[in-house]
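The listed protein sequences derive, respectively, from chains A and B. Number 241 in the numbering used here belongs to position 241 of the first sequence; there are no gaps in the numbering. Number 60 in the numbering used here belongs to position 60 of the second sequence; there are no gaps in the numbering.
Derived by calculation from the structure, the hints in this document are not laboratory data. Check each hint, because a few of them may be wrong.
To be verified - Computed list of lysine to aspartate or glutamate pairs in EDC-like fashion (alpha-carbon distance at most 20 Å, straight line):
hint : chain 1 : residue 1 : chain 2 : residue 2
1    : B       : Lys105    : A       : Asp333
2    : B       : Lys105    : B       : Glu86
3    : B       : Lys105    : A       : Glu236
4    : B       : Lys105    : B       : Asp116
5    : B       : Lys105    : A       : Glu231
What the hints assert, rightly or not - From chain B, some residues computed to sit far from chain A (all C-beta separations above 10 Å):
hint : residue
6    : Gly77
7    : Ala136
8    : Leu258
All C-beta atoms in this analysis are idealised placements derived from N, C-alpha and C, irrespective of residue type, glycine included.
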Amino acid sequence: MPSWIAGVAKGAASIVVTLLGLLAITFFMGRMLPIDPVISIVGEQADKATYDMVYHRLGLDKTLLTQFLLYMRDMLSGEFGEALFTGNKVSVDLARVFPATIELASFAIAIGIGVGVPLGILAAVYRGTALDHIARFVGLLGYSSPTFWLGLMGLIVFYAALGLVAGPGRIDVAYIDMFEPQTGLLLLDAAMQGEWEVFGNVFRHIVLPGSILGYASMAYISRMTRSFMLEQLGQEYIIAARVKGMSRWRVVRRHALRNILVQLVTVIALAYAFLLEGAVLTETVFAWPGFGRYLTSGLLAGDMNAVLACVLIIGLIFVGLNLLADLLYRLLDPRTR
Amino acid sequence: MSEVLLNVRNLRVTYPGDDGDFRAVRNVSFSLGRERLGIVGESGSGKSTTGRAIMGLVQRPGRIEADELTLFDKQGGKTDLRAMSERGFRALRGQRLAMVLQDPKYSLDPVMRVGDQIAETHRAHLRSSKAEAYKASLDMLNAVHIRDPERVYGMYPHQVSGGMGQRIMIAMMLIAGPDILIADEPTSALDVTVQTQVLAIMDDLVQRRGMGLILISHNLHLVSSFCDRVLVMYAGQVVETCEAGKLHEATHPYTRGLLAALPQLGNRRHELPQLQRDPAWAADL
Ligand SMILES: Nc1ncnc2c1ncn2[C@@H]1O[C@H](COP(=O)(O)OP(=O)(O)OP(=O)(O)O)[C@@H](O)[C@H]1O
Ligand SMILES: [Mg+2]
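The following block holds chain B by itself, in its conformation from the complex:
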């Protein structure tokens, strides 16, 4: 891990509710370089919320607090995201920070051609002409391995398959060349071959352009083989951070439980062991 792109210290996200506040993210800290950082954790552990908080897009009445939330640029300049105005965030989103949302089916505008949705990002940030944006969008569709981009450009979201939708989403988020991409389960709707392709596209961007990637996933196997480092989240907290290659050496009982629960080829067990949760894991660290 080389220079730092993003520094997060004690990030907290709270949703006020009728019976007290709900702390969806509790004191999450990490820093991201030009690398692939994985976040795993069970459903509801706060993975997406962490991503959204970095984008400044936690829906009201949710609150974001942090001791530090800093974005670094190539020249070493710092941007404090906590003090960022909506207008300031707008300039960052898409261009420096981007996020592929979890569900491509609902993340594309149903009444706008998918190509126009990709071009829209380009036009908003690069102040390009219609023709330039069109051209760039076709290139981007090509880059995410979509065959016949001219035809796909004119399709509506209900006409594309789940896997195409996910790649279109990725194209839409990458077209303005962000420094950091948060990919929220970007491969969950894809079959294994397409999944490999999509991961390769993102890997290429990290290697070639020095992009920082945060890959959110349920899939422990995938994260450990693809990422450099892994954060394990449980009930809103990071319970363990480790090198991806050394995940099998993880010490936290929750991570060990997850590892033990993975089905393994060639090792026939009649029943997958169930994860026994310990209430102590949810206590504030």
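Isolated chain A, as found in the complex:
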């Protein structure tokens, strides 16, 4: 399968190019923003000697090219410097906030796929019926309501008024010492250690923000599934399968679904990327100690190290998801092999 290998090689090459581009952009962003990195370290009142010392230590007296090469070396080895607003190394902070966001986004995408795909298929198969209209309406609602507004409403109704779910944060303080986080994905950690009480508490925390984020991606996924499905159901090979004497649902499952899988993979990867993006607002509303909130705080504090590292990581995630979708695409569609 030489074309397959070529595809992977092309993917790898595109990752390298994108990475270089990202590094260049973040580097120049760092130089061009009106924030003096020295002053954010030493403070406004520092004397000239201290200022010069830090200036030298940061390598700002070297040529731009040398600076860029040094910057590349640091970034590639995960050496993002210190985050001044937390006092930790950025890499340490990221290792802590990242799993929180991944867990939230994965919970949401599970809802998005689990509800969105079946709903889209039903809407396509029963096109034009009440079911189709309801599915479309539900989707439209998810499309047009801002997630932070839904978040606030959700908190007011389900947390404050009904007390059905837990409030902001990932876990109640009382449960923190009851288990040892290993992966940082608390649901997984709790389940692996058999701490079902902790699991329950974590679940009650994640269910509201996760569902609200999931609703938005469900709306997107079901709409795309419907239109892909409609396109396939109009094809001749669907009629051919019916001529063979297969039931409508069997044709949908064995033929149409397999054909839209290829396109769905791309849509799901995109939806996941949107989720990470959407997490910025949702995390703020729900005080979720994740990546989005970390980035917001870093921006507000003018902390270049933290912000640049975050931008770099977001870029990498997009490239990674794209590459993954591309690989799956090749795997699923015999025509691309």
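Using the hints, position chain B with the ligands against chain A.
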């Protein structure tokens, strides 16, 4: 023509449209025995739609109506296709009624191995095991003169040629041994030698198994030399039915026009005569 397999009386297919209903098939009547029945007619005359209506596969919002649409089995039992439920149709399709669709390129699932698509019909109707269906599929591929069936079994539709695709389609539709096969332009993508082979396969089934064959085609020559009887369709109606051998004696002006328009070897004409259509032909008969 011996015993009757299918009886069609006043079949009508209507597609509702924005400016009134479109009557794609108008009062088509014929009966089919263990024979080769040809349907010819120009593009859009309703040939495929007639076939699909018999299969119960006219896409919504199209409507099928008929005064009679009866399928007969070997014991002389009757099945009224008009009253057939979707579930009932499912049991008939593939096993008793089959149809080779017009375009093999689009009629095969692009992401499934062609062999599996053939085996699928076998498994659905004969409740066979995977191994049995595989074996039967290879036999079927052999029967439609495909060389190296093991290799072809594992190919995807984009890897097979047009002619192979058409034969795979035929294998897929014949594997459950239907009583009636509707073949919609089954040889249009084939070169002349393969065309002859494919026709021979179907002819064999008619002769040996007593299958009833409806051959839809544009090709008047082919139909008149291969079939027993020919229906000529124009604008949704059957304008003429005749014995294939006596096609040259046809009386309807449309059929005569078609015959006159055929290019003939050895008879050099500078220009092929164009068919002059008479609006009266489209009027309800
Ligand atoms: N789903 C549909 N909706 C509306 N009109 C349709 C539909 N399917 C077919 N028709 C119309 O019905 C008429 C007959 O179509 P049909 O496919 O049966 O023609 P045909 O004789 O098979 O032509 P060809 O030789 O080109 O295959 C055409 O005018 C076509 O436009
Ligand atoms: Mg046709």
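Open item on the list: Of all the hints numbered above, which does this structure not satisfy? Sort the numbers upward.
Closed with: Those not satisfied come down to hint 2.
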